[in-house]
Amino acid sequence: MADLLSASGAAVRAADVLLRCAGGRAVMLRMPAPASAADVAEQLGSAVPGFQDVELAPVAFRAARARVAEGKAARWELLVSASAVEALVGSLGYSAAAVLFAEAFGVLVDGVLMTVESTTESQIGGAPYVYRLMLRAPIAAAV
Amino acid sequence: MQNAKDTFYVTLRDRLAAVNPARTMVLRGVTRPGVLVEENELASAYQPVDAFCLRWTGSRLDMRGVLPLIAMDCEIRYGSDGNAGNGGMDRGRLLAAMDAELVAAVGAAPQSAAKMNYTGAAPVALGTRVFWGDVAFGAATVNGERLERVATVEVFCYQEAGEL
Numbered sequence: 000m001a002d003l004l005s006a007s008g009a010a011v012r013a014a015d016v017l018l019r020c021a022g023g024r025a026v027m028l029r030m031p032a033p034a035s036a037a038d039v040a041e042q043l044g045s046a047v048p049g050f051q052d053v054e055l056a057p058v059a060f061r062a063a064r065a066r067v068a069e070g071k072a073a074r075w076e077l078l079v080s081a082s083a084v085e086a087l088v089g090s091l092g093y094s095a096a097a098v099l100f101a102e103a104f105g106v107l108v109d110g111v112l113m114t115v116e117s118t119t120e121s122q123i124g125g126a127p128y129v130y131r132l133m134l135r136a137p138i139a140a141a142v
Numbered sequence: 000m001q002n003a004k005d006t007f008y009v010t011l012r013d014r015l016a017a018v019n020p021a022r023t024m025v026l027r028g029v030t031r032p033g034v035l036v037e038e039n040e041l042a043s044a045y046q047p048v049d050a051f052c053l054r055w056t057g058s059r060l061d062m063r064g065v066l067p068l069i070a071m072d073c074e075i076r077y078g079s080d081g082n083a084g085n086g087g088m089d090r091g092r093l094l095a096a097m098d099a100e101l102v103a104a105v106g107a108a109p110q111s112a113a114k115m116n117y118t119g120a121a122p123v124a125l126g127t128r129v130f131w132g133d134v135a136f137g138a139a140t141v142n143g144e145r146l147e148r149v150a151t152v153e154v155f156c157y158q159e160a161g162e163l
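Going line by line, the protein sequences match chains A and B.
Going by numbering that gives the first Met the number 0, the residue at position 67 of the first sequence is 66; the numbering climbs one at a time, nothing skipped.
Going by numbering that gives the first Met the number 0, the residue at position 150 of the second sequence is 149; the numbering climbs one at a time, nothing skipped.
Please keep in mind that the hints were generated in silico from the structure rather than gathered at the bench.
In this text, a Cβ means the ideal position worked out from N, Cα and C, and glycines have one as well.
It is possible that some hints are incorrect.
[What the hints assert, rightly or not] Not close to chain A: a few residues of chain B, all C-beta gaps over 10 Å, as computed: (1) R92; (2) A96; (3) T118; (4) F130.
[What the hints assert, rightly or not] Chain B regions said to be covered by chain A (calculated; three or more residues, Cβ under 8 Å): (5) 5-16; (6) 21-29.
With the sequences and hints as input, model every part of the structure.
As structure tokens, then:
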């Protein structure tokens, strides 16, 4: 058991080092503020919730694996350190990373807000060491 | 048209909550009745399971009357994975329960409501009513472990003078 815990901790640290070395950078995760209970204006789309941008670092933005088709928005891959995600999950009070990413409005990369399409994680001994987010660029940015 | 869409949503939400108060969902940290209008939520919001998701599709205008009559199509999407404790084997029953709740809410008399304007601080009643037909159920479709259905309701309203 101790070996397993040690291995998962080492994997998290190794992933952090690799992300920092492989062009590690920071992006912002845009989170909507909690809805107002019984506020019909929000349910009718006439009241806009507030947003909070929180930093995600280190991450690697995989432009090399972008899938681009004519007239379609580009898709990108973002590798995120599990230690950064765990810190956010704890500080923002979410129950799990999956809930955090499901609730997120998008990821702000160099001023472009991208939608989170899917999230997967790589684990060792049941503990995630890196998260892989598939991002979609805005349709307005399609060529 | 927007006032009619808002009125239909609020009426349906209240009726569904009365039929089954336990059907709720959590959206952005708040528990609310299990019904939403897709175009009124964040584009990133996922479709909740065991809840009703309204999508406004087609609309038609009839100018032959004293006031323009607008007919709008409202798709109501819902699905169920069943209970995990039952291995999902009750997903058909849960979908049937949602069918029954929808019939009870949409088919309850009167199938109309006073058209309201919700843009101000307090809702204001307008001069005409919003009315709707019965539910038309689409075929249930299997999407992995999820059983889904799209039901359609035709909603009618008069376009009043000065109304956007």
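Checklist entry - Holds or violated: the stretch 21-29 of chain B covered by chain A, criterion of 3 or more residues with Cβ-Cβ distance under 8 Å? => result Coverage by chain A holds here, the residue count being 4 at a Cβ distance below 8 Å.
Checklist entry - Okay, the stretch 5-16 of chain B and chain A, do three or more residues pass the C-beta test at under 8 Å? => result holds (count 4)
Checklist entry - Once the closest CB in chain A is found, is it more than 10 Å from A96(B)? => result Fine: 23 Å to the nearest Cβ keeps A96(B) off the interface.
Item to check | Minimum Cβ distance from R92(B) to chain A greater than 10 Å, as the annotation requires | outcome: holds, 27 Å
Next on the checklist: Confirm or reject: F130(B) is not an interface residue toward chain A, with every Cβ-Cβ distance exceeding 10 Å.
Outcome noted: holds, 20 Å
Checklist entry - Just checking, T118(B) versus chain A, shortest CB gap more than 10 Å? => result T118(B) not clear of chain A: closest Cβ-Cβ about 6 Å, inside 10 Å.
Violation of the numbered hints given earlier is confined to hint 3; every other hint is satisfied by the structure.
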